[in-house]
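K.L.:
For reference, the chains in residue letters:
Number of protein chains: 2
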Amino acid sequence: MELIDQTLLPGEFKVISCRTAEDVWDAIKVLRVRGAPAIGVAAAMGVVVAVQNVPDDEKAVLEAAARAADYLATSRPTAVNLFWALDRMRRTAERCRGSGGRAVKEALLAEATAIRDSDAAMCRAIGDHGQHLVKEGCGVLTHCNAGSLAAAEYGTALAPLYRAQELGRRFRVYVDETRPLLQGARLTMWELMRAGIDCTLICDNMAAAVMRQGKVDLVLVGADRIAANGDTANKIGTYGVAVLARHHGVPLYVAAPSSTFDLRLESGDEIPIEERGAEEVTHGFGRRTAPAGAKVYCPAFDVTPAELIAGIITERGLIQPVDRENIGRVLR
Amino acid sequence: MELIDQTLLPGEFKVISCRTAEDVWDAIKVLRVRGAPAIGVAAAMGVVVAVQNVPDDEKAVLEAAARAADYLATSRPTAVNLFWALDRMRRTAERCRGSGGRAVKEALLAEATAIRDSDAAMCRAIGDHGQHLVKEGCGVLTHCNAGSLAAAEYGTALAPLYRAQELGRRFRVYVDETRPLLQGARLTMWELMRAGIDCTLICDNMAAAVMRQGKVDLVLVGADRIAANGDTANKIGTYGVAVLARHHGVPLYVAAPSSTFDLRLESGDEIPIEERGAEEVTHGFGRRTAPAGAKVYCPAFDVTPAELIAGIITERGLIQPVDRENIGRVLR
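These protein sequences, in sequence, are chains A and B.
Residue numbers for the first sequence follow my numbering, beginning at 9 and rising by one.
Residue numbers for the second sequence follow my numbering, beginning at 9 and rising by one.
No incorrect hints appear here.
Identical copies go unnamed one by one, so any copy, or any two together, can satisfy a pair.
No farther apart than 25 Å at their CA atoms in a straight line, the calculated lysine to aspartate or glutamate pairs in the DMTMM-like style are these:
#1 K223 - E282
#2 K223 - D277
#3 K303 - D206
#4 K37 - D277
By construction, these hints were calculated from the structure, which means they are not laboratory data.
Source: prediction; values computed, not measured.
Bound conformation, chain A alone (with noise of 0.2 Å):
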């Protein structure tokens, strides 16, 4: 499986190659590859790579299926699209039981290419459904990349943008450069700017006075869970946005497939939040910043409740309001 290294952008674009399921893992832990479905993508695929080398013995393929897809879900907390994809292609296998090694490989690789090529039509309908939304002249806000880096082609949040654009109409956008990591100066500047859109790199605190100044008409970001109540699980500092926003009269939308939703969960309270290591907080950019030895909090995700969102554009349609109701019709 090739992928684009995320970590060397903008300075550097680096197609890596990934060999074993350790390779995968990897790259998913240390955000090679990030963004929501992108990691659905990445961890069915990696279930392909971990069996390829197996003998077509079918016990043997099973075996070294399901002991991948477990290790992979290993990789990262948060993201419900990883759990999702790799049930999938357990499922996948257990399908083939008795048709042998060969075949259970043959519809490993299928069903990861089915992920894969669905994940880019459930974008491109995700921007059908959203398109509206982004008005001649205005000002739209995003934070982190929900973009065609997190996901495949169009992306989740930025597909709306894309689906716009075609239709001719021009718009601006302020990117949360999204720190720890930088995702959206890095990132979803670099997508941005190559596809001729109009874009202004901020600091996530520079939000809200932008917002203040009335250039914010509404905000985009992506989602990592929603729980069934709607409370989403995104990038940190999502949720701060949504409370700007709020205060500001300028409604957010989020933008995710269907399969970020995990209905078995309530609400927001039981997804669980991933914390990181300190380093990406005092190390950010290649040289410490903060003093040796400085406690740190660094949580990866937030969640912002159903009540600040003002829909959920997905595939199969928009949720608005967002509650258990539309959530459940749309998704039924």
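Chain A is fixed; fit chain B onto it per the hints.
P.N.:
Here is chain B on its own, set in the frame of chain A:
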């Protein structure tokens, strides 16, 4: 004049010498010295530095002092203490007209020293007036650095913390790293850790999550300029923190000496906001973190409207609630 080069903290503790007005102008411009009160003291001392090598001819000394004051006033546009301190130096020079060049020089040195000493006394008084807000076991969030590195001795926003600590109270402090220049990570963490205060560094975009977890009972920030109605310009991001604090029912207090008020300004709309270079965002720490050619918006300050401020702690007392009448009464 000697000062700590704060651009090198926390990695290196280096004291530099300023031998000319240009050295001082440069130190203020590139933030070797920063924090509104400290800028005022440095600028006043800069006038002393500017006249020290001028012959004791009164006309020459007065001209050099006036020229230095005008020049140093161009170093940064937002902090009113800069202009306030330089006005004091100008008036001092004019008051000595007729007493000879040597006497003018001595008066300028005495005035700059008085500004420094009264700054230290003001910080202690701010600590006294604000310490009761820092209750046993509470959580405090601060943004940027308004501590002893930004002023003399206690600092302003941190003065109530230092006083509360002296009084034996225990509390926790969350420190926003404060992009783009990381004054929180580099300076506030450095001085709080040195003082033995329990402090935790977070990225600016984590403040909302920390507040939602109920860990913050009080927000303390400094100020660069305060209008007659209480609207307060401070480090970019302060306004966002104020909106978040209001949303979570947490009171935000501004701590600032009375010299920070600019009563000629009716409201915060009239406060000029300095915009700084794109490189502060795109090349934060010796490494490019955004694509080449990325458009950047980088305001150094924002304005927090008075209605989001629970109180203003000055050396003359606590202004609460924050309105024109109370400001007039306490400052009178």
